[in-house]
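A.B. asks: Based on the hints, put chain D in the right spot on chain B.
First to last, the protein sequences are chains B and D. 1 is the number of the first residue of the first sequence in this note's numbering; add one for each residue after it. 1 is the number of the first residue of the second sequence in this note's numbering; add one for each residue after it.
Do not rely on the hints blindly, as some may be mistaken.
All copies of an identical chain are treated as equivalent in the list; a pair is satisfied when it fits inside any one copy or across any two copies.
Unchecked claim - Listed below are the simulated DSS-like cross-link pairs for lysine-lysine, each with C-alpha atoms no more than 30 Å apart in a straight line:
{"#": "1", "residue 1": "Lys-23", "residue 2": "Lys-54"}
{"#": "2", "residue 1": "Lys-54", "residue 2": "Lys-3"}
{"#": "3", "residue 1": "Lys-117", "residue 2": "Lys-54"}
{"#": "4", "residue 1": "Lys-35", "residue 2": "Lys-23"}
{"#": "5", "residue 1": "Lys-35", "residue 2": "Lys-54"}
{"#": "6", "residue 1": "Lys-35", "residue 2": "Lys-15"}
{"#": "7", "residue 1": "Lys-117", "residue 2": "Lys-35"}
These are computed hints drawn from the structure, not numbers from a lab. No experiment lies behind these values; they were computed from the predicted model shown.
There are 2 protein chains.
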Amino acid sequence: MAKELYFEDFYVGQKFASLGGVKVTAEEIKEFGSKYDPQPFHLDEAAGENSFFKGLAASGWLTAAIVMRLRVQSLNVAGGMIGAGVEEMRWTLPVRPGDSIHTEIEVVGVRQSQSRKEFGIVRTRTLAYNQHNEVVMRSTVNFLAPLRSAVK
Amino acid sequence: MAKELYFEDFYVGQKFASLGGVKVTAEEIKEFGSKYDPQPFHLDEAAGENSFFKGLAASGWLTAAIVMRLRVQSLNVAGGMIGAGVEEMRWTLPVRPGDSIHTEIEVVGVRQSQSRKEFGIVRTRTLAYNQHNEVVMRSTVNFLAPLRSAVK
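With the rest of the complex left out, here is chain B (with noise of 0.2 Å):
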């Protein structure tokens, strides 16, 4: 597990890179698809074949999903990452099955909250990219760290 992290710890330019890659399987895919997003080309090899896509591909927010993941797994946030809003988010290329997926997060922004004056707010740019280093996916997501010197 990384170390604990307060607002204190980020700075503007700050690295995180995910601890390994995550491969994307057709089943992974199917299920998630089947429960959330059922659409032909989430769901079918086949079907897929006939879409926009050319084959099965990952809805986004399975990607969304496995991106958090990476996230929580690189960046420990003291009491946990507790999200602020996303300021954007595009998905760049299909991710397919068997596609190992890993992400660079660069800290962009920090700022004290002026609603919770506990807690500072971090804006960070990821970059999801493929076993190819193609970007996948990139998205500039806030969160909230809390103030060490509030909490000890």
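C.D. replies: Okay, now just chain D, sitting in the frame of chain B:
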């Protein structure tokens, strides 16, 4: 299933309500949490009590996934709803075990794609509500819709 829609069928101000509510269970919160967002407040009631959320709460990415399912059910785009990016997503209230989520989608923009001549881009604002009609999540999401004139 809702009527299949092409780009020409969308207009600003158009609304799509989800067909019903989706009940969120503690089991689903924990299962999704353990797979994609393994933080104490998404995994365990007792750990949740001692956290920011003061109880077990759904991962925001589970809420986003449930909202996607509701979007797919209420809005049937010809060829499927191909995400063209999230402009904004905010989690405004925790989603708890037993909550029932429903959505309202409003079309807030329509324009032809510059890069893909056979598609238009539909910009939508989605509000997700709990059973008390409190907004738990809001988002602005773009998706592609094929031009009827291009495929027929």
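A.B. asks: The structure should be examined with respect to each hint, and the outcome stated for every one.
C.D. replies: Here is how each hint holds up against the structure:
| no. | hint | verdict |
| --- | --- | --- |
| 1 | Lys-23 with Lys-54 | within (20 Å within a copy, 34 Å between copies) |
| 2 | Lys-54 with Lys-3 | between (42 Å within a copy, 24 Å between copies) |
| 3 | Lys-117 with Lys-54 | between (50 Å within a copy, 18 Å between copies) |
| 4 | Lys-35 with Lys-23 | both (20 Å within a copy, 13 Å between copies) |
| 5 | Lys-35 with Lys-54 | both (22 Å within a copy, 28 Å between copies) |
| 6 | Lys-35 with Lys-15 | between (33 Å within a copy, 24 Å between copies) |
| 7 | Lys-117 with Lys-35 | neither (39 Å within a copy, 32 Å between copies) |
Of the hints listed earlier, the one the structure fails to meet is number 7.
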